[in-house]
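**Student:** Given chain A's structure and the hints, the job is docking chain B onto it.
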Amino acid sequence: MNHIALKMLMGDTGKYIGIVMGLTFASLIMTQQPAIFLGIMSRTYSFIADVGLPDIWVMDSKVQFVDDIKPLQDTELYRVRGISGVEWAMPMYKGLLKARLTDGTFQTCNVVGLDDATLIGGPPMMLEGKLDDLRRSDSVIVDIDGARDKLGKPSPIPGGKAIPLKIGDNLELNDRRAIVVGIAKVTRTFQSQPVIYTTYSRAKSYAPKERKLLSFVLVKAKKGQDLAELTRSIREKTGLAAYTQTEFITLTYEYFMHNTGIPINFGISVLLGFIVGAAIAGQTFYNFTLENLRQFGVLKAMGTSNWTLLRMILLQAVLVGSIGYGLGVGLTALFGFAMRHTILAFKFPWQLLLFSGAGVSLICIFAAIISILKVIRLEPAIVFKG
Amino acid sequence: MTNIAVRCQNVVKVYDTGGQKVTALNHINLEIAEGKLMMLVGPSGCGKTTLISVIAGILDQDEGICELFGENLLTMRSKDKLNFRAKNIGFVFQAFNLLPSLNAAENVSVPLIINGMKRIEAERKAITLLEQVGLGERWQSLPSQLSGGQQQRVAIARALVHNPRLIVCDEPTSALDHETGRNVMELLKAVAMQKDRTLVIVTHDTRIFDFADRIAEMDDGHIVKVKESNSKATNP
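These protein sequence lines map, in sequence, to chains A and B.
If you use this note's numbering, the first sequence corresponds to residues 1 to 386, in order.
If you use this note's numbering, the second sequence corresponds to residues 387 to 622, in order.
Calculated directly from the structure, the hints in this document are not laboratory data.
It is possible that some hints are incorrect.
[To be verified] Here are the simulated lysine-lysine pairs, DSSO-like style, with alpha carbons at most 27 Å apart:
#1 Lys374/A with Lys465/B
#2 Lys374/A with Lys407/B
#3 Lys150/A with Lys161/A
#4 Lys511/B with Lys467/B
#5 Lys62/A with Lys153/A
#6 Lys98/A with Lys70/A
#7 Lys581/B with Lys422/B
#8 Lys7/A with Lys465/B
#9 Lys62/A with Lys220/A
#10 Lys150/A with Lys347/A
#11 Lys613/B with Lys581/B
#12 Lys166/A with Lys185/A
#13 Lys130/A with Lys153/A
#14 Lys237/A with Lys7/A
#15 Lys7/A with Lys613/B
#16 Lys473/B with Lys374/A
#17 Lys166/A with Lys204/A
#18 Lys237/A with Lys70/A
#19 Lys185/A with Lys220/A
#20 Lys504/B with Lys7/A
#21 Lys581/B with Lys7/A
#22 Lys212/A with Lys98/A
#23 Lys511/B with Lys374/A
#24 Lys467/B with Lys504/B
[Unchecked claim] A short list of chain A residues far from chain B (calculated; beta carbon distances all over 10 Å):
#25 Gly104
#26 Ser205
#27 Arg232
#28 Ala241
Glycine included, every Cβ here is placed at the ideal spot set by N, Cα and C.
Just chain A, with the same shape it has in the complex (with noise of 0.2 Å):
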């Protein structure tokens, strides 16, 4: 009977394919949407992970995320470096400054100072120039996105697009002098703004005035060293608050989870995709039993068991829910992909996927139970009905 139940299911090409695309494009709101979503708040924390090096990060007790930076004195790197458990502990600063770039025009940028002997937190990727070429005097080096739009020469041409930065071009920051001597590949930053990194003594000299300047201690723990233990033993003899890269990742991601509306704007525009997506796709498959009621009342009246009729439109279920599902996240995959390059936020982790699938699996379940029930009380006398 699955052979039949697979003919009645794309006899009618027309009717088939509506489903199919029905479960597709629910499958793709559901993917694509969170997608998004994810995209964006992995940005909140991308400046986290890309500083790999580290364990622990050291900052003041009441930082709330990455970005809410309440500077240190410099004599806490001493104190955390005097901790057992500690192999190093390095500087960093982080801060937005204004750069005033070649055309007297001025853009924020999220300059972050390294520690000047090691640099550690560095970019992740060079794509230009060494990240040693820090060490030279006035240097910078400019994350590539910064350095093709936001920081860019004018054009020659109204109206065209940007020149990108390039090494040996240079920048102002708080009237002093930066030269870029590299391209840094990153990860962008949830506001999107430049990032510039140069040697935290440097830093320091671009920042205003401030009796407090440093953002971060970075922490490296000795081998074999329990980071939970270190974490507390340095809030306990410091006062300031300490995060393994993940504690701070997961203070930082719940901070604007909780605290911004992006998770209710995207979480409605999802549920409503979800509902619209479902409503398509579950009206398209019911209505196709519907249209096939007369033709289950055939099956049923030769003799065709409830059991049977059921393993039948869940067959059709699955397959459909299945094609839709694969089409759906092939094609945000692909819109993915095509977005790679440009500023869209987009991330799809295999959670997606199994949230995709368990959304479009609960779409076809709940369409085919509806079917069923209405083929389950078929009478099968409707087909003496003319």
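**Tutor:** Same frame as chain A, now just chain B:
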């Protein structure tokens, strides 16, 4: 001695249509002998279709007994009833009711597949039967590619393919022109009638009455008259 294929005793069927009770079958008594062709005739709404639905076991009566080959379908377990129907009854419908996405051979093979036969074997047998009804060349055609008469031939082949003991036909000629209708009836009589097979045909079509062995006239849920074909009326 003639065996009785269908025996209905005091069969009552009442439909509840939005709070209003409509008695479709009002104490029907009827016997149909094996190997005979019985026609149920009468005006629209007189209960003909309800009666064949009850006889075929696809509708339960409210009162009375309806036995098919000595079996009371009403008291059967639903699984046994399905199996009984799948093995013993063939259907020919007014609107043909072929599955539109299956070709002729696949349509004819459906009752065999329901009875557990493998698809390939069932389709082979279906093609043989299509040859008997003159459609051997058209076994791959979809219903939409066949004329009304050809579709009814496919439906007849489907009703016969599993060699059932009872064939119920609901207005088998009403969707066909006169000549095609007579051809279909001739075919039905030629390939379906056997001494151990019974045909019950519901029809309005007076032009095919001469094919019947007996004709039961119904009106308002009653059988008002049963007559032997070309003979005078008798009691039901």
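**Student:** Each hint: holds or not?
**Tutor:** Against the structure, the hints come out as follows:
1. About 19 Å separates the Cα atoms of Lys374/A and Lys465/B, which keeps this hinted pair within 27 Å; it holds.
2. As the CA atoms of Lys374/A and Lys407/B are separated by approximately 24 Å, the hinted pair is consistent with the 27 Å bound.
3. A threshold of 27 Å between alpha carbons decides the hint, and for Lys150/A with Lys161/A the separation of about 11 Å falls inside it, so the pair holds.
4. Only pairs whose Cα atoms come within 27 Å are accepted, and Lys511/B paired with Lys467/B is accepted, the gap being roughly 25 Å.
5. In summary, the hint linking Lys62/A to Lys153/A is not supported, as the alpha carbons are separated by about 39 Å, beyond the 27 Å threshold.
6. At roughly 19 Å between alpha-carbon atoms, Lys98/A and Lys70/A fall within 27 Å of each other, so this suggested pair holds.
7. With a C-alpha separation of about 8 Å, the suggested pair Lys581/B and Lys422/B falls inside the 27 Å cut-off, and the hint holds.
8. Of the pairs offered as hints, the one joining Lys7/A and Lys465/B holds, with about 26 Å between alpha carbons and a cut-off of 27 Å not exceeded.
9. Between the alpha carbons of Lys62/A and Lys220/A the distance comes to roughly 22 Å, so the proposed pair stays at or under 27 Å and holds.
10. Between Lys150/A and Lys347/A, the direct Cα distance comes to roughly 24 Å. Compliance with the 27 Å bound is thereby established for this hinted pair.
11. For the hint linking Lys613/B to Lys581/B, the alpha-carbon distance of about 20 Å falls within 27 Å, and the restraint holds.
12. For a cut-off of 27 Å, the pair hint linking Lys166/A to Lys185/A stands: about 14 Å separates their Cα positions.
13. Taken as a hint, the Lys130/A and Lys153/A pair is honoured in the structure, with Cα atoms around 23 Å apart against an allowance of 27 Å.
14. Pair hint Lys237/A plus Lys7/A does not hold up; C-alpha atoms about 73 Å apart against a cutoff of 27 Å.
15. Our distance criterion of 27 Å between C-alpha atoms is broken by Lys7/A and Lys613/B, whose separation comes to about 45 Å.
16. Our distance criterion of 27 Å between C-alpha atoms is met by Lys473/B and Lys374/A, whose separation comes to about 26 Å.
17. Between Lys166/A and Lys204/A the CA atoms are separated by roughly 24 Å; this keeps the pair inside 27 Å, and the hint holds.
18. A threshold of 27 Å between alpha carbons decides the hint, and for Lys237/A with Lys70/A the separation of about 19 Å falls inside it, so the pair holds.
19. For the suggested pair Lys185/A and Lys220/A, the alpha carbons sit about 24 Å apart, so the restraint of at most 27 Å is met.
20. Restraint check: the Cα-Cα separation between Lys504/B and Lys7/A comes to about 16 Å, which is no more than 27 Å; the hinted pair holds.
21. Note on Lys581/B and Lys7/A: the hinted pairing is violated, with a Cα-Cα distance of about 37 Å set against a maximum of 27 Å.
22. Restraint check: the Cα-Cα separation between Lys212/A and Lys98/A comes to about 19 Å, which is no more than 27 Å; the hinted pair holds.
23. For the hint pairing Lys511/B with Lys374/A, the CA-to-CA distance comes to about 33 Å; that exceeds 27 Å, so the pair is violated.
24. Between Lys467/B and Lys504/B the alpha-carbon distance is near 22 Å, which keeps this suggested pair within the 27 Å criterion.
25. A cut-off of 10 Å between C-beta atoms confirms that Gly104/A is not in contact with chain B; the least separation is 72 Å.
26. Distance to chain B confirms Ser205/A as a non-interface residue, since its nearest Cβ pair spans about 78 Å, more than 10 Å.
27. Here Arg232/A stays apart from chain B, with its beta-carbon at least about 68 Å from theirs, past the 10 Å limit.
28. The non-interface label for Ala241/A is consistent with chain B: the shortest C-beta to C-beta separation is roughly 67 Å, beyond 10 Å.
Comparing the model with each earlier hint shows violations of hints 5, 14, 15, 21, 23; every other hint is respected.
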